[in-house]
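Chemist: Full structure from sequences and hints, please.
Below are the chains, spelled out letter by letter.
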Amino acid sequence: MRSFLLPALLVAGCYEAPTFQPTQMMDHHWSPGGERQAEGPALLHPDDVVFGKMPRRLRVDQLRRSIPMLFDGITWTDAEGNDRFKTMVATLGEADYEERYEDETAPSPLFSKFMDDMAGQVCGKAVTRDGQQADPSQRILAPYPDDVLRNLRFLRLKFHGIHVPEDSTVGLLELRQLYRSVQAETGALDGWNAVCIAMITAPEFMTY
Amino acid sequence: MIDRRSFLSRLGLAGSGLLVAPLIPFHRALAQGKDLPHRNFIFAYFDGGWDTLLSVDPRDPGRFDDSEEALGLYGIELGWQAIEAANPGVYTLDRLIRPEGSQIDFGPAMADFAPHFDVSCVVRGLSMDTVTHEVGRRYFLTGMMPVGTRAKGSSVSTQVAAQQGDRAPIPNLISRAEGYNEGDPAYASPMKIANVDDLVAVLNDGPFAPMNNVRRHLELYRSQRVRCDTDRLDRWGLMTLLEDSQKKARELVDGGLGDRFRLGNNRDPEMAQLRERYGYVPWDLTSGEAQAAMALQALKYNTSQCVTIQIARGLDSHADDWEDDHPERQADGWRALAQLVSDLKTEDDPVAPGKKLIDTTTVLVFSEFGRTSLINNRGGRDHSLTSACMLIGAGVPHNQVVGASKDTGMIPLPIDPLSGAVVEEGGVTLTPSTVVASLLQGAGLDTDHLRTNGLPCLMPDQ
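Protein sequence lines correspond, in order, to chains A and B. The first sequence finishes on residue 208 if you use this note's numbering, and the numbering steps up by one all the way, no holes. The second sequence finishes on residue 670 if you use this note's numbering, and the numbering steps up by one all the way, no holes.
Rather than coming from a laboratory, the hints here were simulated on the basis of the structure. Some clues are possibly wrong.
Here are the simulated BS3-like cross-link-like pairs (lysine-lysine), alpha carbons at most 30 Å apart as the crow flies [as the list claims (entries may be wrong)]:
(1) B:K553 x B:K508
(2) B:K455 x A:K86
(3) A:K125 x B:K455
(4) B:K360 x A:K53
(5) B:K553 x B:K563
(6) B:K563 x B:K508
(7) B:K553 x A:K53
(8) A:K158 x B:K455
(9) A:K86 x A:K125
(10) A:K53 x A:K86
(11) A:K158 x A:K86
Modeler: See the structure below:
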C-alpha cells in the first residue's frame with residue numbers, strides 16, 4: 001500500500017521523497033565475537049515506523065486563544081460582538097465541569113460545520129482589513145504583493161507550522177490553483193479568502 | 209461498487225470517536241450485512257433520578273396511606289399529601305391512574321401519558337447497582353456497567369447505528385445527553401447538540417460561511433487535495449475522520465433539512481402546529497418539549513435513526529424541592545413524551561410505506577436511578593438502587609408490566625425471564641444490561657459485547 005502511494009504523491013508534487021538512507025545496520029547482536037556467521041542484517045529504523053505522539057484535534061480553548069493571535073486580534077464573533085468560542089462552548093463540546101467534565105475532541109460534522117462558519121467569518125474579516133491596509137507588510141494573509149507562492153509559503157508556515165523552502169512547492173500548488181480560480185472570477189481578495197478558509201479548516205491546522 | 213466509507217471501514221480506517229479501535233468487531237460487520245428489520249430508536253432520559261412512586265412504579269394510596277402503621281409495615285411513604293400542601297390547588301392526588309383497558313397502573317405524574325398504555329410496557333424492579341448519577345446514566349446509555357465513573361463501550365445508539373448502517377444523514381443524534389463511540393465506525397458517532405438551534409445551525413450555512421464561487425472552488429480543492437502529511441497525521445486515522453466529518457457537514461447543509469427544525473419559526477405552519485402541540489417556548493429550545501418535537505421531526509424526515517433526548521431535568525430532589533418541583537418537572541417530561549407518542553402514532557414512517565412511526569420506532573424511557581421509598585428528614589428523597597423504565601412502540605410488549613419491586617422497601621424482585629412474572633425462587637433480576645440486550649436483540653441486532661442475552665418476556669416478536 002505504502003509503496004503504491006508514494007509514487008502517486010510524488011507525481012502529485014505534494015510529497016518529497018524522504019532522503020533516509022538505511023546505513024545504520026548491525027549484525028545479529030547475539031553473534032559471538034570474532035568470526036561471525038552471516039545471519040542477515042537488522043534494520044534499526046524501518047521506514048514504516050513513525051515515532052512520536054498520537055495526533056489530536058485542537059480543543060476549543062486552543063482555538064479561542066490561537067485565532068486572535070494568528071489574525072491580529074480578529075476572532076469569531078456573533079452579531080453583538082461576543083466571542084463565539086465562548087458563547088458556543090456547550091455546542092462545541094468544551095468541558096464546563098457541571099454537565100461535561102472532559103473536552104470533546106473527536107472530529108464530528110458538527111465541529112466541522114462550525115469551523116467552516118468560523119473560518120468564513122475570520123478570513124472574511126482578515127481579507128477586508130488587508131484590503132484597507134496601505135502597508136503590504138502589515139497584511140495578515142498576503143504581505144507579499146504579486147508573489148503568490150511566497151504568500152502561500154508564509155501562510156503554510158503561519159497556519160500549519162510547515163516550512164516550505166524557496167526551492168520547493170510542496171503543498172502549495174493546489175492552494176495556488178485555488179487562489180487563481182477564485183481570483184479569476186471575483187478578484188484577489190476573494191482568492192486569499194478562499195485560501196485562508198482552506199488552510200484553517202485543513203487537518204494540518206486542526207490537529208497537533 | 210464499493211463506496212469510500214465502506215472501503216475505509218474495511219481497511220479499518222474509519223476509526224471511532226475515541227480512535228481506540230480502528231478495526232470493527234467482526235460480529236458487527238456481520239450484523240451490518242444481515243437483513244435487519246427497519247427500526248428507529250428514541251432514548252428519552254429523565255435527568256437527575258426520578259421518583260418512580262410518582263410515575264412508573266406507584267403504589268395504591270388506599271393501602272400505602274403514609275400512616276405510622278403502613279410506614280412500619282411497608283417502608284414506603286408516598287408523601288402525596290405533602291405535594292398537595294406545597295402546591296395548593298394544583299394536584300389532587302388520591303388514586304392511581306388506570307385507563308379503561310389498561311393493564312398498567314400509572315402514577316399521578318403520568319396522567320397525560322396514561323392513554324398510551326396500548327403501546328407501552330413498564331419494566332419494574334430494575335436493579336441499578338449504583339446511586340451515582342454518572343454511573344447510572346452511563347449504565348443505561350451503554351448497557352454496560354461503567355468502569356468507575358467512566359463509560360464502558362459505545363452508547364446503545366452508537367451500537368444501533370453501527371449495525372444498521374448510516375441510512376439517515378445524522379444516524380445518531382444526541383441532544384443534551386452523553387454519547388460514546390468505542391470501536392464503532394465513524395458514521396455511527398453521536399452528533400451531540402446542546403439545543404435544537406445547534407441542529408438548525410448544523411443543517412444551514414452560517415451568515416459568514418463561504419458562499420458562491422468561494423464555496424464552489426473550496427469544495428473542489430478539498431475533494432482533489434492530495435494529502436501531504438499522512439504519516440504524521442493519519443497514522444491513527446485522524447485526518448480521515450476530519451475530512452469525512454467535513455464532507456458530512458457539507459452533505460447535511462446541502463440536504464436542505466434545516467427548515468424542518470426551526471421550531472421557533474411561527475411563519476411556517478408546520479412549526480406553529482408543533483409549538484402548539486408540544487407547548488415549548490421559542491426562547492428555550494433546551495426544554496424537554498422542544499427536544500421531543502425535534503425527535504419527531506428527526507424521524508419524520510428521516511434525518512436520524514437514533515435520537516437521544518433529555519426529556520426532563522432537575523429531578524435530583526433531596527430536599528423540599530421534591531414536593532415543590534419534582535412532580536411538575538416529571539409530569540412535564542411525561543406530557544412531552546405523550547405528545548411525541550401521539551405523533552408517532554399518526555405520522556407515516558418515511559422509509560416504510562404503509563407503516564406509522566410507532567410501528568417502526570422503539571422508545572426507551574429511563575433515568576439513572578430511582579429515589580428512596582422513604583422521605584428523608586429534609587423533606588426529599590435520596591438516591592435508590594431500585595428503578596424502573598418504560599419501553600414503547602416497536603418490538604416491545606404492549607399494555608404489560610414486567611417485573612416488580614417489593615411492597616416492602618421497593619427491593620427489586622427476580623422474575624421468570626419467559627413470562628416476566630415475579631418468582632419466589634430462582635429467576636433473574638432485571639438490570640439496564642438485560643433491558644438493553646432485549647431491545648437490541650428484539651431489533652435483530654448483535655448483543656455479544658453486552659455479554660448477556662435479552663429476556664424473552666421483553667421480546668414479543670422473537
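Chemist: Decide, hint by hint, whether the structure agrees.
Modeler: Hints, verified against the model:
1. B:K553 x B:K508: Roughly 11 Å between the alpha carbons, so the hint for B:K553 and B:K508 holds.
2. B:K455 x A:K86: Cα-Cα ~26 Å, so holds.
3. A:K125 x B:K455: Since the Cα atoms of A:K125 and B:K455 sit roughly 25 Å apart, the hinted pair holds (cutoff 30 Å).
4. B:K360 x A:K53: With Cα atoms ~24 Å apart, B:K360 and A:K53 stay inside 30 Å; holds.
5. B:K553 x B:K563: holds, 10 Å
6. B:K563 x B:K508: Roughly 12 Å separates the two Cα atoms, so the pair holds.
7. B:K553 x A:K53: Given pair B:K553, A:K53 is violated - Cα atoms ~52 Å apart, limit 30 Å.
8. A:K158 x B:K455: holds, 25 Å
9. A:K86 x A:K125: Between A:K86 and A:K125 the Cα gap is close to 19 Å, so the pair holds against 30 Å.
10. A:K53 x A:K86: holds, 29 Å
11. A:K158 x A:K86: Distance ~24 Å between A:K158 and A:K86 Cα, so the pair holds.
The structure does not agree with numbered hint 7 stated previously, though it agrees with all others.
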